[in-house]
Amino acid sequence: MAVQVLLNFLLAFIWMFLNQSWDPVTFILGYIIGLGLIYFLHRFLQGPFYFKRVIAIVSLILLFIKELILSSISVIKLILRPNMDFRPGIFALPTDLKSDWEITLLASLITLTPGTLTLEVSPKGDTLYIHAMDLPDTQEAISQIKNSFERAIKEVTR
Amino acid sequence: MKSLNVIEIAKIVVGILLVIGSLLSLLSTYGLLRLPDIYNRSHAATKAATLGIMSILVGAFIFFYFVDGLISAKLLLGIVFVFITAPVGGHLIARAAYRTQVPLWEKTIKDDLKRDDLKRDKRMTKKLKKAAENQ
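Residue numbers (this note's numbering), protein chains in the order written: chain A, 1 to 158; chain B, 1 to 135.
Calculated directly from the structure, the hints in this document are not laboratory data. A virtual CB, placed ideally from N, CA and C, is assigned to each residue, including glycine. It is possible that part of the hints are untrue.
What the hints assert, rightly or not - Derived, one-sided and incomplete: chain A residues facing chain B with beta-carbon distance under 8 Å: (1) Leu-68; (2) Val-75; (3) Ile-76; (4) Pro-82; (5) Asn-83; (6) Ala-92; (7) Pro-94; (8) Thr-95; (9) Leu-97; (10) Ser-99; (11) Ile-103; (12) Leu-105; (13) Thr-111; (14) Glu-140.
As the list claims (entries may be wrong) - To spell it out: a stretch of chain A is covered by chain B in this simulated footprint if at least three of its residues, at any positions, have a beta carbon under 8 Å from a beta carbon of chain B; those stretches are: (15) 45 to 52; (16) 124 to 134.
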């Protein structure tokens, strides 16, 4: 992936040399043309086309922001409820993410989702312990969200 | 020179963002006072307060960009840092509280972490006993 990014920068610089103009507009134009060239030639390079991963990262960030807004709204609804009748609890969530980096990302995504907070990662790194603010009526929705997060993270890292 | 209309629209957007941000901060402080135990309180402190601070910072950024024509990279960096560090801080405080046996609220219905910890402890004591017998 890093090779493809470097190659794209190199192509943009070559485009600037060919045009003999040194402004950002030429650079961006060259970068876009280089992107097209790499798209056509990426089967000669190692790994998949790198821009797919860039799109996955951007969509993950957008997901992050959306979940943050939704979770703030749901937490505030709970705070403003006149009687404290929610049922908190701690549940275990098995995960099949492997590297520390992926698990950290998943844990902080979970912390920012509606009504959940990562308490602990098991020593082996295969289970996350999550404190949920209102366990009964969110458990299934939560596991659905987890699946979508795990898939988004896998798309970025693999 | 930007036209006056754009500045007026930007001012309205900034005002809305600032009001939302300060309301969110106020409500999360109210949640800190009202919620029953430390774990539920850290829910309020991590989520609503993070979004509140972020929207105040975004409002300040838009204000400086449209009114003074200034792109403040420090504000953008501040947004990113708050966004990255707030969930980690909430996680660490809750974890430290759990590890020092701060009690959960009495209405808590499930505790998988305790169950798995007990299992692990039993396994460890068995192993230690075996090792002691072998020696």
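Going down the list of hints, with the structure as the test:
1. Given hint, Leu-68/A at the interface with chain B, holds; its Cβ is 6 Å from that chain's nearest Cβ, closer than 8 Å.
2. With its C-beta approaching chain B no nearer than about 5 Å, Val-75/A sits inside the 8 Å limit, and its interface hint holds.
3. Contact between Ile-76/A and chain B, as hinted, is supported at the beta carbon level, the nearest pair being about 5 Å apart and thus within 8 Å.
4. At its closest, the beta carbon of Pro-82/A sits 11 Å from a beta carbon of chain B; the interface hint therefore is violated under the 8 Å criterion.
5. Taking 8 Å as the C-beta contact cut-off toward chain B, the hint placing Asn-83/A at the interface is violated, the least distance being around 11 Å.
6. For Ala-92/A, the interface hint holds, the least distance from its beta-carbon to any beta-carbon of chain B being 4 Å, beneath 8 Å.
7. With a least beta-carbon distance of about 11 Å to chain B, the hint placing Pro-94/A at the interface is violated under the 8 Å criterion.
8. Hint status for Thr-95/A: violated, given a least beta-carbon distance of 14 Å to chain B, over 8 Å.
9. Proximity of Leu-97/A to chain B is violated relative to the hint, the smallest CB-CB distance being about 16 Å (cut-off 8 Å).
10. For Ser-99/A, the interface hint is violated, since its Cβ never comes within 8 Å of a Cβ in chain B; the closest pair sits about 17 Å apart.
11. Annotation: interface hint on Ile-103/A violated; nearest CB of chain B at approximately 12 Å, more than 8 Å.
12. The interface hint given for Leu-105/A is broken, as the beta carbon of that residue sits about 10 Å from the closest beta carbon of chain B, more than 8 Å.
13. Checking Thr-111/A against chain B by beta carbon gives a least distance of about 4 Å; that is within 8 Å, so the hint holds.
14. The interface hint given for Glu-140/A is violated, since its Cβ lies 15 Å from the closest Cβ of chain B, which is over the 8 Å cut-off.
15. Counting residues of the stretch 45 to 52 of chain A whose CB lies closer than 8 Å to any CB of chain B gives 0, which falls below the minimum of 3, so the coverage claim is violated.
16. Counting residues of the stretch 124 to 134 of chain A whose CB falls under 8 Å from any CB of chain B gives 4; the rule of at least 3 is met.
Hints 4, 5, 7, 8, 9, 10, 11, 12, 14 and 15 from the list above are not met by this structure, while the remaining hints are.
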